[in-house]
Structure formats: structure tokens, C-alpha cells
Amino acid sequence: MVEWTDFERATIQDIFSKMDYEAVGPAALSRCLVVYPWTQRYFGNFGNLYNAAAIIENPMVAKHGITILHGLDRALKNMDNIKETYAELSVLHSEKLHVDPDNFRLLADCLTIVVAARWGKAFTGDVQAAFQKFLTVVVFSLGRQYH
Amino acid sequence: MTTLTDKDKAIVKALWGKISKSADAIGADALGRMLTVYPQTKTYFSHWPDLSPGSGPVKAHGKKVMSGVALAVSKIDDITSGLLELSELHAFKLRVDPANFKILSHCILVVIANLYPKDFNPESHASLDKFLASLSLALSDKYR
Chain A
264 MVEWTDFERA TIQDIFSKMD YEAVGPAALS RCLVVYPWTQ RYFGNFGNLY NAAAIIENPM
324 VAKHGITILH GLDRALKNMD NIKETYAELS VLHSEKLHVD PDNFRLLADC LTIVVAARWG
384 KAFTGDVQAA FQKFLTVVVF SLGRQYH
Chain B
527 MTTLTDKDKA IVKALWGKIS KSADAIGADA LGRMLTVYPQ TKTYFSHWPD LSPGSGPVKA
587 HGKKVMSGVA LAVSKIDDIT SGLLELSELH AFKLRVDPAN FKILSHCILV VIANLYPKDF
647 NPESHASLDK FLASLSLALS DKYR
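Which chain is which? The protein sequence lines are A and B, in order.
In our numbering, each number is its position in the first sequence, counted from 1, plus 263.
In our numbering, each number is its position in the second sequence, counted from 1, plus 526.
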């Protein structure tokens, strides 16, 4: 089981309480699709992903970005049980969606960068460490049920 | 994976033009974050008296790292040749595991996003990420 310090718990709750899901979700997913274009392989039915502008303006990408970000809420509410919390979603991503789990790490990196861009000075090294630890646990849990 | 297009080079040079005046601060911040977020990287600096973010050794080394980045920008048309000396240094003397180049690159990107959110749009991010990957590859070119 993952051990969280009080600082880490407080920091992670704080980041998400201030999170503008409607802006950050789309920004993180579209950034991932632009910076790591091979991730577009999972979105063949999302319409126009032809260039960066198209990706950023794509409403399906935006909607899915929000969905993904809200998916993190489960971990937020079950920080002492993240692995079990994501067992079902892990199976879904493996058996049905066939997503290479390395992509979760790429998206997590993009999310970190979007949050860094929005938080300014408050996004200190310690805050970044807590946030990335949280994302690392989520990413691990999402890949856990692959076989 | 790391061929820089003319567009990538133009984007990197333009972005560097904007951020280079803060290069020392970016380097110090990125290195400090790396040591905090990825504590295993501290193993390379056991000879420093102070590993805390903002300390003398961290600031000095951050500056050194960014001068390497500046060199790579100036040699962007042939980074491998341009960074030959640094590559030999990292291969034979420093022997930094190349996985750590990715880690430091990520921290550099986080700092640039943090300090220049408007300039660090997805396209700039993509080009800079490619550039740092090229740089990392050049640094490990002589490893084996």
C-alpha cells in the first residue's frame, strides 16, 4: 500500500479542488496527441486530428479530456486503495481498449505540464513531487491488470 | 524519432530567443525539481555539500547544464558533432545512466511551462521535446 505524508495528501486534494476540469482536461489530452502523435492511434473515430490546431479545437478530444480528468477523482477519494479502485478500469483499458500502458505515463507527463503552466509560483518542486507521485500510482494501477 | 524538421529548428530557436535570458534560473529550478521529484538522481551528487533546491552547488550546476543546452541550440543542424566533447565527458567520466536525461528533460519542460505558459503551447512543446531528445541521444552517443 502506498504511504502518503500529510503534505502529499493536502497538496493533492488542493490541486484538484482548484482544478478547472473543463480547461485542464482538454488541454492535457490535446497536448498529448500533439506532442506524442502516435497516441492518436486510439482515436481513429474522433474525426479531424490532422494538425495541432485541429486537435486543439476538436470537440470530441475536449470531451474525452474532461472524462479522463474526472477519472482521477476516484483515486482522489480512495487514496489508500488506488490499486483496487482502478482494477476494473485497468481491465477495460487492457481487454477492450487495448491501450499500451506506456501511454498513461505520457498523458500524466502532459497533465503535469498543463498544471505547471497554470499554477505559476505555487507549483514548487515539493508540490510537483506530490502530484507526480499521485499520477505514478494511478498509472501503475491502470496497468496492473494487463496480462 | 529525433530528426528535427526545419519547423522544429525554427520553433526551438525562437523559443530559446525568448527564454535564454533566464537560462541560469531555468537550469537551477529544473535541477532542483529533478533532485526533489526523482530522489534517485541524488546518487550522482553525493560529493556536494548541499543538495537542496536553490543551494550553491545546484545553482552552479543548473547554469552548467543550460550552457550545454545553449551549445546544442547553436549547433542544432548537427547536434551529435556539436556535442562531441560533452558526449565523451558523459560516456567516460560521468557515466550518467541515459534514463536520467529523460528525467531532466521533463523537469526542464515543466519549468518552461511554469515560467512561459503562453509561449509553451503544444506545438512548441513537441518541438522542444524532440530537441531535448536529440540532445540526450547526442550525449549518450559515445557510451558504447
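Since the hints were derived computationally from the structure, they do not count as laboratory data.
Where is the CB? At the ideal position from N, CA and C, for every residue including glycine.
Do not take every clue at face value.
To be verified - Partial selection, computed: residues in chain B whose CB lies under 7 Å from chain A: (1) Ser-572; (2) Pro-575; (3) Val-636; (4) Ala-639; (5) His-651.
Hint by hint, here is what the structure shows:
About 19 Å separates the beta-carbon of B/Ser-572 from the nearest beta-carbon of chain A, more than 7 Å, and the hint is not met. Because the smallest distance between the Cβ of B/Pro-575 and any Cβ of chain A comes to about 19 Å, over 7 Å, the interface hint for this residue is violated. About 5 Å separates the beta-carbon of B/Val-636 from the nearest beta-carbon of chain A, less than 7 Å, and the hint is met. With 7 Å as the threshold, the beta carbon of B/Ala-639 comes within range of chain A, its nearest partner Cβ sitting at about 4 Å, so the hint holds.
Annotation: interface hint on B/His-651 holds; nearest CB of chain A at approximately 5 Å, less than 7 Å.
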